[in-house]
Amino acid sequence: MRDAPRQITLEEWDARYAELSAAGMQEPAYGGPLRRHVGEGDLRLLKLRYDNSAAALRLWNFLLTEEDRLHQARAEGGKIVGAMKDLGTVPVLAYSLPGVTAFYPDGAWWIPCIMEDSTGLLPIADSLGIDESFCPVRAMLGAFVTGGHFPRPDLLTCSVGATCDDFSAIAQRLDGMGYPILWWEIPSRRHPDPDEPKVRLPGGFLAPETQVGFVRAELERLRKALEELAGRRLTDDALSAGIRAANRVRRSLSQLRRLTYAAEICPLPALEMLVAEMLAIHFCSDRAEARVVLDQLLREVRERVQARKGLLPKAAARVFWVNPVADLRVMTLLEECGGRICGTDYLFCHALDRIPENLPPMEALARMALADPMVGPAADRAKRICRDILAFHAEALVISRIPGASHCAMEGEVIRDWVRSKVGLPVIEIEVPPLSDSYHSTLRTRLEALVEAVKERRKP
Amino acid sequence: MIYAGIDAGSRMIKAVLFDAERRQIMASGIMDQGVQQDELAQRLFEKLLRDHRLERRAVSGIVATGYGRHSVSFADTAVTEITCHAAGVRHHLPGARTITDIGGQDSKLMRLDAKGGVQDFDMNDRCAAGTGCFLEVVARRLGLSLQELGELAGRSVKPAAISSMCVVFAETEIVGLLAAGAAAEDIAAGVQAAIARRIASMAGRTLDSPIIFTGGVALVPGMRAALQTALAHPVVVAPEPQMTGALGAAILASRQ
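Residue numbers (the numbering used here), protein chains in the order written: chain A, 4 to 463; chain B, 5 to 260.
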């Protein structure tokens, strides 16, 4: 930590970059000033506010150069796997094989926001019959059609079963357009019957042993496909090493979350934390670098916490946030309204848990996949949220609905009712479209009112 | 000491001067909202001062609320209408546990704790079907004022079944009903019931009584009864329901 933490605009980052460079900042090959990404079409960056640390700069540069890494992997003869509707399982398998890079095509849902729609990905999806009544992930269809964002994967995988209906529809449309998909089934996790052999999953849920066995068999199919792609066997030893490497990323993230969300004064903005948490599921196409990026952020946060320096007033309302937003500006809006993030469930919180290292690796991955809160009853997810709310001492809950995403249609109500009745916190539900500019004033009212309610409740 | 609350709503601007020692409203005023929100709010505030022969310096604090709260440059601070409605209702009716506020362009439902603070809230500002806008559309279609529409609804014996999902489609439904010879009073009552159902759907399963009705729509005859039927709970209209937000803002100004 060289300077006091601040949130700065892109314009201010220009001067800040010069200052840090002059002071001898070490940058990776993908480094450089943030503004260069605007020139590449990421217009939304002009409207965001960023943490002013070198660690945050590295995080942003890492995020915004993912496509470059994928193209480079292709140019170097590596194999590319697109792991769709996968919250942290297939990438662990893929990265255990040398020369294989996995990425997350679903992440294309952020492109229309980051580029302010300039790429026309959503109109392409519209023209393919996948209109705005579907989840914003439909932007992925446009990205495949234009080929302008990521190279065509050598293997496309997609989970199906207990996943969102609209995502399945989008992926089936993709399959029908000539992008063959290797489907694997994730069953709806159910509570074991009283006499049924059961397994405790990472994160605490229970599942019938038969369901774990089923998922393990599905993952074995994926393993075989990956072996064929890579032209070599994926041994248990290599997979165990891959799990340990993935756990190192998860460990860094867990520490970062614990430090940031538990700190008395918020040491890192919500926006940077959102981007950092996303690394848990796809590593931004480079697992080793993801860890370096996270460790640098962790050092920065640790120094800030030790120095009792942060970005927001100590009195900021401690808010737990459910579901990621399509429009990144909303995270900063919460802070402008007097809140700070203290705990999150961005749909993949199970990917923040450690994959068991004391089990055969495929069994461990099967348990991990089935631990996904999204594949079980909404009440399971609500219980985990309540537990985390208490752990991070959150004072309010925001459920951010994703327009068109069918897994959110009723889930929000279940979570809201659980949190209200079990933890007694104020809860609001908001809906954030990919570009929410015209909706900001009403979002602001909701968030400000939530913060006011928290502050009122603090009064003796 | 005197404090002011300015509620810059979507349709009207409301202002209240509050005497903090006597805990009572000294004066209140209302005017149409417009593009120059700050100027209009200033004009209303100055008129109130003038009418009561007060100097600007006699007012110790000003809080702005409403959707245009951040445009009121002469306010000391801005507080959301949700918090202000709670404070305003608590002043008149300390035992209130639920507030439903239906304004021109949005509707809200607030749950209060035993101290009168906001425990939780829901808000509809994306669909006109649960707001006063629906009534305006229908009144215009029938060539009536809102007051006349409400009085007409009171004469209905068989309210028409009207969709509560979309004002645009509902207007088409109304044209169809009129063409089919439905009575205007039944249509008016049907629209009130549709708005009330929308609020009930936002309220969900659990509601604590008493429910206090605030906002301009509370003044429309028949709306309280429609809401009471839809919510299946007694509903009480707040005193001067249009002024609740401004009153709450003035009270909060006195606490700052």
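Treat the hints with caution; some may be incorrect.
Lysine-lysine pairs mimicking DSS-like chemistry, simulated, CA-CA at most 27 angstroms apart [unchecked claim]:
(1) B:119 <-> A:458
(2) B:119 <-> A:425
(3) A:462 <-> A:317
(4) A:462 <-> B:162
(5) A:317 <-> B:119
These aren't lab readings, by the way, just hints derived from the structure by calculation.
On a predicted model such as this, the values are computed, not experimentally measured, just so you know.
When the hints from earlier in the document are held up against this structure, which numbers fail? Of the numbered hints given earlier, the structure breaks just one, which is hint 4.
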